[in-house]
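Colleague: Make a model of the complete structure from these sequences and hints.
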Amino acid sequence: MSLDERITPEQAATQVGTASGENKEYSVIGKSVGRIDGRAKVTGQAKYTGDLKFPGMLYGKILTSPHAHARILSIDTSEAEKLPGVKAVITHKDVPSLKYGISPARWDENIFCIDKVLFVGDKVAAVAAVDEETVYKALKLIKVEYEVLPAVLDPLKAMDEGQAQLHEDYPRNLNTEIHQSFGDVDKALAEAYHVRTDYFVGQRAYQSPIEPHSAISVWEDDKLTVYSSTQSPHYFQYYIARQFGLPMGKVRVLKTHIGGGFGGKLEPTGLEFAGAVLAKLTGRPVKMFYDRHEMFAHNRGRHRQYMKLSTGVDQNGKILGVHADFVMDGGAYTSLGVASAYYAGALLTILYDFDNYKFDMYRVYTNLPACGAQRGHGHPQPRFAFESHLDNIAKDLGIDPIELRLRNARKANTVTPNDFKVESCALTEAIEKARDISNWKQKRSHRPQGRGIGIGLGAFVSGAGYPIYRTNLPHASAVIKVNEDGSSATLYTGAVDIGQGSDTILCQMAAEAMGYSFAKMQIISADTEAAPHDFGAYASRQTLMSGWAVKEAGEEIKAQLLNTAAGIMGYAVEELDCRDERIFVKDQPEISKSFAEVAKEFFVTQGPLVGKGSYTPPKLGGKFKGAAVGTSPAYSFAAQVTEVEVDEETGEVKIVEAWDVHDCGKVINPALLHAQVHGAFYMGMGEAVWEEVKFDDQGRILNSNLAEYRLPTALDMPKFHSELVDSYEPNAPWGVKEVGEGATTPTMGSISNAIFDAIGVRISSLPMSYEKVWRALKEKRKQQTT
Amino acid sequence: MSYPHVITKTIKEFKLISPTTIEEALYALNEYKTDTRIIAGGTDLVPLMKHRAVTPKYVVSIEKLKELDYVRLVGDQLRIGALTKINTIKNSDVIMKNCYSLYEASLVFATPQIRNVATIGGNICRSSPSADTVPSLLVFNAQVKLVNQKGERIIPLEQFFTGPGLNVADSDLLTEIIIPIEKGEYGTAFHKISRNTSDLAKVNCAVKVSISHEKFSDVKVALGAVSDRPIRAKNVEKLLIDKKINAENIEKASEMVINDINPITDVRSTEIYRKEISKVLVKRMLNLAVERAQK
Numbered sequence: 001m002s003l004d005e006r007i008t009p010e011q012a013a014t015q016v017g018t019a020s021g022e023n024k025e026y027s028v029i030g031k032s033v034g035r036i037d038g039r040a041k042v043t044g045q046a047k048y049t050g051d052l053k054f055p056g057m058l059y060g061k062i063l064t065s066p067h068a069h070a071r072i073l074s075i076d077t078s079e080a081e082k083l084p085g086v087k088a089v090i091t092h093k094d095v096p097s098l099k100y101g102i103s104p105a106r107w108d109e110n111i112f113c114i115d116k117v118l119f120v121g122d123k124v125a126a127v128a129a130v131d132e133e134t135v136y137k138a139l140k141l142i143k144v145e146y147e148v149l150p151a152v153l154d155p156l157k158a159m160d161e162g163q164a165q166l167h168e169d170y171p172r173n174l175n176t177e178i179h180q181s182f183g184d185v186d187k188a189l190a191e192a193y194h195v196r197t198d199y200f201v202g203q204r205a206y207q208s209p210i211e212p213h214s215a216i217s218v219w220e221d222d223k224l225t226v227y228s229s230t231q232s233p234h235y236f237q238y239y240i241a242r243q244f245g246l247p248m249g250k251v252r253v254l255k256t257h258i259g260g261g262f263g264g265k266l267e268p269t270g271l272e273f274a275g276a277v278l279a280k281l282t283g284r285p286v287k288m289f290y291d292r293h294e295m296f297a298h299n300r301g302r303h304r305q306y307m308k309l310s311t312g313v314d315q316n317g318k319i320l321g322v323h324a325d326f327v328m329d330g331g332a333y334t335s336l337g338v339a340s341a342y343y344a345g346a347l348l349t350i351l352y353d354f355d356n357y358k359f360d361m362y363r364v365y366t367n368l369p370a371c372g373a374q375r376g377h378g379h380p381q382p383r384f385a386f387e388s389h390l391d392n393i394a395k396d397l398g399i400d401p402i403e404l405r406l407r408n409a410r411k412a413n414t415v416t417p418n419d420f421k422v423e424s425c426a427l428t429e430a431i432e433k434a435r436d437i438s439n440w441k442q443k444r445s446h447r448p449q450g451r452g453i454g455i456g457l458g459a460f461v462s463g464a465g466y467p468i469y470r471t472n473l474p475h476a477s478a479v480i481k482v483n484e485d486g487s488s489a490t491l492y493t494g495a496v497d498i499g500q501g502s503d504t505i506l507c508q509m510a511a512e513a514m515g516y517s518f519a520k521m522q523i524i525s526a527d528t529e530a531a532p533h534d535f536g537a538y539a540s541r542q543t544l545m546s547g548w549a550v551k552e553a554g555e556e557i558k559a560q561l562l563n564t565a566a567g568i569m570g571y572a573v574e575e576l577d578c579r580d581e582r583i584f585v586k587d588q589p590e591i592s593k594s595f596a597e598v599a600k601e602f603f604v605t606q607g608p609l610v611g612k613g614s615y616t617p618p619k620l621g622g623k624f625k626g627a628a629v630g631t632s633p634a635y636s637f638a639a640q641v642t643e644v645e646v647d648e649e650t651g652e653v654k655i656v657e658a659w660d661v662h663d664c665g666k667v668i669n670p671a672l673l674h675a676q677v678h679g680a681f682y683m684g685m686g687e688a689v690w691e692e693v694k695f696d697d698q699g700r701i702l703n704s705n706l707a708e709y710r711l712p713t714a715l716d717m718p719k720f721h722s723e724l725v726d727s728y729e730p731n732a733p734w735g736v737k738e739v740g741e742g743a744t745t746p747t748m749g750s751i752s753n754a755i756f757d758a759i760g761v762r763i764s765s766l767p768m769s770y771e772k773v774w775r776a777l778k779e780k781r782k783q784q785t786t
Numbered sequence: 001m002s003y004p005h006v007i008t009k010t011i012k013e014f015k016l017i018s019p020t021t022i023e024e025a026l027y028a029l030n031e032y033k034t035d036t037r038i039i040a041g042g043t044d045l046v047p048l049m050k051h052r053a054v055t056p057k058y059v060v061s062i063e064k065l066k067e068l069d070y071v072r073l074v075g076d077q078l079r080i081g082a083l084t085k086i087n088t089i090k091n092s093d094v095i096m097k098n099c100y101s102l103y104e105a106s107l108v109f110a111t112p113q114i115r116n117v118a119t120i121g122g123n124i125c126r127s128s129p130s131a132d133t134v135p136s137l138l139v140f141n142a143q144v145k146l147v148n149q150k151g152e153r154i155i156p157l158e159q160f161f162t163g164p165g166l167n168v169a170d171s172d173l174l175t176e177i178i179i180p181i182e183k184g185e186y187g188t189a190f191h192k193i194s195r196n197t198s199d200l201a202k203v204n205c206a207v208k209v210s211i212s213h214e215k216f217s218d219v220k221v222a223l224g225a226v227s228d229r230p231i232r233a234k235n236v237e238k239l240l241i242d243k244k245i246n247a248e249n250i251e252k253a254s255e256m257v258i259n260d261i262n263p264i265t266d267v268r269s270t271e272i273y274r275k276e277i278s279k280v281l282v283k284r285m286l287n288l289a290v291e292r293a294q295k
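These protein sequence lines are chains S and D, in that order.
Residues in the first sequence are numbered from 1 upward in steps of one, following my numbering.
Residues in the second sequence are numbered from 1 upward in steps of one, following my numbering.
Mixed in with the good hints, there may be bad ones.
[Said to hold, decoys possible] No more than 25 Å apart at the CA atoms, straight line, and that leaves these computed lysine-lysine pairs for DSS-like:
| hint | chain 1 | residue 1 | chain 2 | residue 2 |
| --- | --- | --- | --- | --- |
| 1 | S | Lys137 | D | Lys12 |
| 2 | S | Lys93 | S | Lys116 |
| 3 | S | Lys623 | S | Lys421 |
| 4 | S | Lys780 | D | Lys252 |
[Stated by the list, open to error] According to the in silico footprint, chain D covers these stretches of chain S (three or more CB under 8 Å from chain D):
| hint | region |
| --- | --- |
| 5 | 698-711 |
| 6 | 730-744 |
Because the hints were derived from the structure by calculation, they are not lab data.
Every value quoted in this text rests on a predicted model; they were computed, and no experiment measured them.
Quick reminder that beta carbons are idealized off the backbone N, C-alpha and C, glycines included.
Modeller: In structure tokens form, the structure reads like this:
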């Protein structure tokens, strides 16, 4: 599909509906139809991978390292093998030694550790047995002899001389080093009216999807099928095939229902690899699964970042230049961390318009669980830092934080210093609306003791401009097949519904493009064999990218149908249209035929009625190293205002109320959109105040369970308002943009600034726990009395 | 719960005994002694067994002893059966009227799902230092009835706990909690500070004050999660009894709580923060209880 086939913003202005999404132009999109999987889920009929059973199925588990860093001297599996019920025990000797990792930039993981274990939880061996009980017993019987080595647990010391080394290929534990410079930051800061430097620290957080990871591997002859709890069957298929030297066509990966991912289920785990080998050896299906502790140990959650920001502004607060100097705790492996590291700096340019920018980053290895992509990928912590930093500057200059943001807010049709092209952008409108609906001015000037109100902005890509590994495959594709009697249509797509509702909105899009109805749509998604290729659910890509492919497929159906109808009805194709299952003459709508009738006629005369579509984004981004990360056909923008109440004696933080205003283009399903925003705020709020993965001095996780890793609950949610601004994205089907990740990016900053407003002290590390607030207040009182 | 680097994800095999009468239950407890655990709601015991923090050979389920599920006002005593669910306590008018701090504790006790299953007897017998129902019971001088095959005894709840997860019950069944209710003017209050909702306490605190002639005629303060067991803050109490009710006295006495407590640093909180918020909590609960007593 070429760009000129898409409608212009001017044309769109007449088509796009109100912020509520209601629009007479459209019959299916813009409506809060119920989820296509809603009934199955609420009745318990929906089966998740962990619910599936196959005849003869074995249960498998992975034995992991009890040490943060140790040499493996020997592994003795003989006792485990003798245990009745055990069908196979495997170690590194039984699996390919080829290194892998989701990011081809650094393949540094093995299916099982060969010489060394690199964190508590690193994978050493696996067992398959007739039941769970036997598996656990067998794991205990595997004798591994270790020579414990000094461990690197502090990322700030990891690069020092004399520290233990994790990977031979990466001296000084330096996994990724980035130095980017745009414009002249030194000059901008030298000439600035005011320069401020602040230092912020993030924490390790974990995605904590409600459904634990699991995978069932089944071999039929030389073909491997893996049922998996995955965000991307495609990347699983690609890496499983690569690891075992199989053609991709001999590996089928599919999912049933998914209980959340948030970035943690994007890359294959040991479960798929070990399961495939155990299934091959035993000739039986093998189900592998993580429990909650193992999920925390496998991790791939949020990186802990150490963030130094220096910004120069003029007298009016206009940003002249920014220098971001970061260190990232990567854990023991790369995972998606190279991209996380680039994202951390890349997206700092998206919200505010400035020309001079410098970004330095060191992602270091530590003997801790590997970090990866978590909702907002690399961006939320730097965004927290920058939004807090900006409020510090606003205070220095005596400018209202919202005014300062309005003076610097990015506008539509601009380009960032790092070459991201921003077409639609209603950021100013979003800020103004957030200001107005939150009653900002009143609350800011009359604040009761302990109350505070703060703003944070956020933004995110609507799909990454480039896939994770180099390939020229389209990013998304779709097929729609209409049943022979026209009574239903099935959408086949590789897009992955992990709970966010993509199956529903893609069916809405398909029905809209076809002129059909949502109620008659069915979907087969996220199955590498039954559905055509799509990269999956990450980088907030599916509404825009999978949406393009679905729209094209739907329009192809409609075109074929109108062609057939033209013959039957005796009108020219151009005179006809199809909506709500009726094909009608545009000038005389009473002359019509049903979709089903014409579809049946098509089948009888021409065979299956099938439409197909695919989408490849245009070439995006600049020419410098790392230019691809952060590119996207479109960017979402958000402004979030949060009001907090701080107990000045105990430091307790209560989030009282929050207002989110999102610029996410045309909305396909308002109810699902607002649900995403609620969930994103909930997640951001958790990371802002409570969530942190903690370790002891041996690198063991102290709180790898839901009792001690404090996710908030519904009871912690404040009164929450999710609002929209009108916007239309020319690079997207029907003008859509993302919402899933962008909505979580402003939250930590807005809460940080609300606490700052309430107590007058900046909490510069995450989470902003009660105790940190209490300590800050104590320090403030001490300074006031001296 | 300890770090599960030892693989202990399944419950060790045990024999379940389901008596239908108290006599049968006592027989089983006597027969199997230390290898036995009693299960009521199971909200604590089952996770402990899954993690193999406890590995009983016998589990005696008292689920069928429906006669232990009651809240009754008998004379000047409030009697609560051990098998009474937290949710029943939350919905009991008798408790709300006579023992308001216990009602307040039931509101913030874990989650609604757990409150529907967990029992007050279980909360006491688990003997967690942070048990949310216990401080309120301590300030009311509650007693517990322990029954075994030889007979029954009633002891002050304060003497029941011997350490974290430990208590004096041997082959005893805790059947009843007895709360003496006074006639005069008194006020009570309970609050806990935790990381977020539905969490275990960093510190919890209950206070009961009786007032006569603008003086404290009686003061009882109890705290949880700040010692190896739920404790009374007797230093605070002593400083207030017979003293005039004013902000200065309350403030001064609240500071004294650090002599009553001995908190630790753990994943939920640090020692210093527990100490500091204990003072704040005691002060606030004293003020609130006074306010309620004066109404």
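Colleague: For each hint, tell me whether it holds in the structure or not.
Modeller: Here is what the structure says about each hint:
no. : hint                   : verdict
1   : S/Lys137 with D/Lys12  : 11 Å, holds
2   : S/Lys93 with S/Lys116  : 14 Å, holds
3   : S/Lys623 with S/Lys421 : 14 Å, holds
4   : S/Lys780 with D/Lys252 : 23 Å, holds
5   : 698-711                : holds (count 9)
6   : 730-744                : violated (count 0)
Checked against the numbered hints given earlier, the structure breaks only hint 6 and satisfies all the rest.
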